Amino acid sequence: MAAIETYHLTKKFDQTVAVDDLSIQIDRGEVFGFLGPNGAGKTTTIRMLTSLIGPTSGRAVVNGYTVGEENRSIRRSVGILTETPGMYDNLSAEYNLRVYGNLYEVKDVQGQVEKYLRLLGLWERRNDEVGTFSKGMKQKLAIARALLHEPSILFLDEPTAALDPEAARLVRDFIVFLREEGRTFFLSTHNLNEADRLCDRIAVFKTQLLVLDTPAKLRSQAFGRKVVFHLRTNDPKYLEAINALHVSSDVQQVENKIVVTLENPEQNNPFIIQTLVNAGAEIQFVGELRRSLEDVYLQLVQNTSNDEHHSRSKPNDFVD
Amino acid sequence: MKKVTTIIRKEWAEVFKKKLILSTVIFLPLMFTAIPLAMLFFARDAGSSDLTSDIPPQFLQSCQSDLSSGECVQVMMGNQFMILFMMIPLIIPVNIAAYSIVGEKTTRSLEPLLATPITTIELLIAKNLAAVIPAVLATWLAFIVYVVGAWVIIQSPNVMAALVKPSWWFVVIIVGPLLAILSVNFSIMVSSRVNDPRVAEQLSAVVILPLLAIFIGQIAGLFLVNQQLILIMTIVLILIDSLMIYFAVRLFQRETILTRWK
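Sequence lines, in order, name chains A and B.
Each residue of the first sequence is one higher than the one before, starting from 21 at the first, in our numbering.
Each residue of the second sequence is one higher than the one before, starting from 497 at the first, in our numbering.
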């Protein structure tokens with residue numbers, strides 16, 4: 021049984037479509053990245069999946085419970101880290117967690133509170149008012165709150181947003197630690213490097229699902245791989261020679277570099293190198309131009325924006 | 497039930513750290529108890545005087561025959577300021593509820609709270625009780641202090657019997673909580689639309705105006721708060737409270753809070 025399943029999940033606010041026809045399946049133990057620009061509908065999706073708001077149409081099953089029908093069971097079995105920590109600043113860290121321990125019907129509230137305060141390095145500050153905490157500490161406390169009832173699925177909405185690099189790394193390390201316990205993560209983030217490092221699969225989302233795959237496949241298969249041939253001199257005949265091979269429809273020459281988009285570089289590279297040598301080129305070195313997830317993301321989101329504006333111009337994604 | 501008590505304790509732990517709220521809960525009932533006691537104190541020597549001409553005719557009619565006109569004046573003054581004990585359960589919940597709801601909004605703590613298995617009814621009950629209980633307890637305590645203080649000042653069983661009539665006990669014990677429920681639910685509605693607790697307080701204070709009108713009207717001799725008026729007020733309050741609770745329940749749905757509240 022999948023941890024999360026959605027079927028044509030749609031949410032409209034009056035005439036505005038926030039989430040359109042989302043169908044995904046997330047396996048147990050998976051870290052699922054949910055990327056999208058501001059206003060893409062990421063938080064609305066999380067709110068639907070945590071049964072905070074109901075879908076307009078479609079269906080979602082979380083931990084075996086149907087959204088809209090078994091909402092309390094869903095809330096009991098999932099944890100959520102909201103975009104802002106939302107702690108009670110005038111109360112101590114321990115009191116904050118005790119409140120949530122009771123609300124989540126935790127049996128050993130004191131034990132669980134102590135466990136997570138110690139695990140997140142906040143035990144020594146347990147009696148301090150949360151208002152005196154740094155952003156990173158508040159975020160860690162919010163993570164502790166989300167874990168008190170030991171949920172098998174965790175929804176994290178921008179967990180490292182507005183944190184300094186050190187605090188962000190602490191939060192990421194903790195996610196890795198929790199992942200090893202076999203929990204399922206639904207991670208909404210703007211941080212593409214974070215998604216690249218943490219997630220098993222990534223969905224790029226802007227009202228609709230644009231693409232869903234592993235980070236590696238997103239970078240390569242869907243968009244091709246670019247190989248750069250650095251030559252000593254620049255001559256148009258080299259470009260013609262490669263084009264004559266018909267191994268790629270995307271061959272570009274920029275100064276003394278030739279960039280070829282290939283489906284299978286391991287198979288094509290030897291022929292291209294041989295062709296270039298036969299044409300008189302002196303190859304200095306060959307390398308693969310690795311596309312970052314950011315390139316992929318920007319291209320997808322930009323394409324969607326262009327489609328929305330009825331423009332079909334191809335984005336210039338070549339960067340060396 | 498545990499969730500409700502958890503929220504109530506949390507609310508109290510939070511709001512009573514605010515000096516403004518704490519001082520309202522402590523000093524307002526003290527002040528509203530001191531005012532009628534002071535009036536009785538200054539009127540304590542009027543017992544044997546003939547002040548018939550100073551008493552509004554409609555009150556004179558209702559004054560018991562075994563009281564002298566001076567004693568009747570004491571009862572009248574006590575009655576006029578009894579309205580203050582109806583203001584306490586209106587004012588205190590406005591303060592608590594405004595800070596409670598708007599506070600949750602400004603710290604953005606409502607979403608994680610709503611993500612727990614608590615039902616919105618449980619949450620609404622907890623928010624109501626957290627504001628109503630201190631107001632009602634403060635009112636009852638203030639009234640008991642007033643009764644004891646009045647006895648010390650007046651020391652006349654006849655005047656005391658006329659001053660602290662069963663209808664006033666009814667007002668304090670039954671009408672007080674009804675007023676507090678009206679106040680807190682009105683405050684919840686107002687708080688859902690604003691982002692500043694002081695603005696919420698000021699707007700919610702509108703709920704005091706009808707009672708203030710009764711207070712001024714009685715002092716001006718326009719009418720008398722008697723058993724009939726108290727009964728009408730009780731029925732009207734039950735109807736308004738039912739309506740308020742209905743709207744508050746509608747307003748207190750997860751989706752409404754997260755998507756419609758400002």
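No lab work stands behind these hints, which were simulated from the structure alone.
Computed from a predicted model, the values in this text were never measured in an experiment.
Hints may be right or wrong, so weigh each one.
To be verified - Some chain B residues near chain A, calculated using beta-carbon distances under 7 Å:
id : residue
1  : K515
2  : D562
3  : K601
4  : P608
5  : L610
6  : P613
Said to hold, decoys possible - Just the calculated beta-carbon pair ranges, DEER-fashion:
id : chain 1 : residue 1 : chain 2 : residue 2 : range
7  : B       : E751      : A       : G59       : 33 to 39 Å
8  : B       : E751      : A       : D220      : 27 to 33 Å
9  : B       : L739      : A       : E125      : 47 to 53 Å
10 : A       : S77       : B       : F523      : 39 to 45 Å
11 : B       : K498      : A       : S77       : 43 to 49 Å
12 : B       : A709      : A       : G59       : 46 to 52 Å
13 : B       : K498      : A       : Q228      : 38 to 44 Å
14 : A       : G59       : B       : I531      : 33 to 39 Å
15 : A       : M21       : B       : L633      : 47 to 53 Å
16 : B       : L739      : A       : W143      : 17 to 23 Å
17 : B       : L705      : A       : L139      : 26 to 32 Å
18 : A       : K237      : B       : R756      : 37 to 43 Å
19 : B       : I531      : A       : L139      : 53 to 59 Å
No residue lacks a Cβ here, since even glycine has one placed at the ideal position from N, Cα and C.
Check your understanding: Taking each numbered hint in turn, which are not upheld by the structure, reported in ascending numerical order?
Key -> 1, 2, 3, 7, 9, 10, 11, 14, 16 and 17
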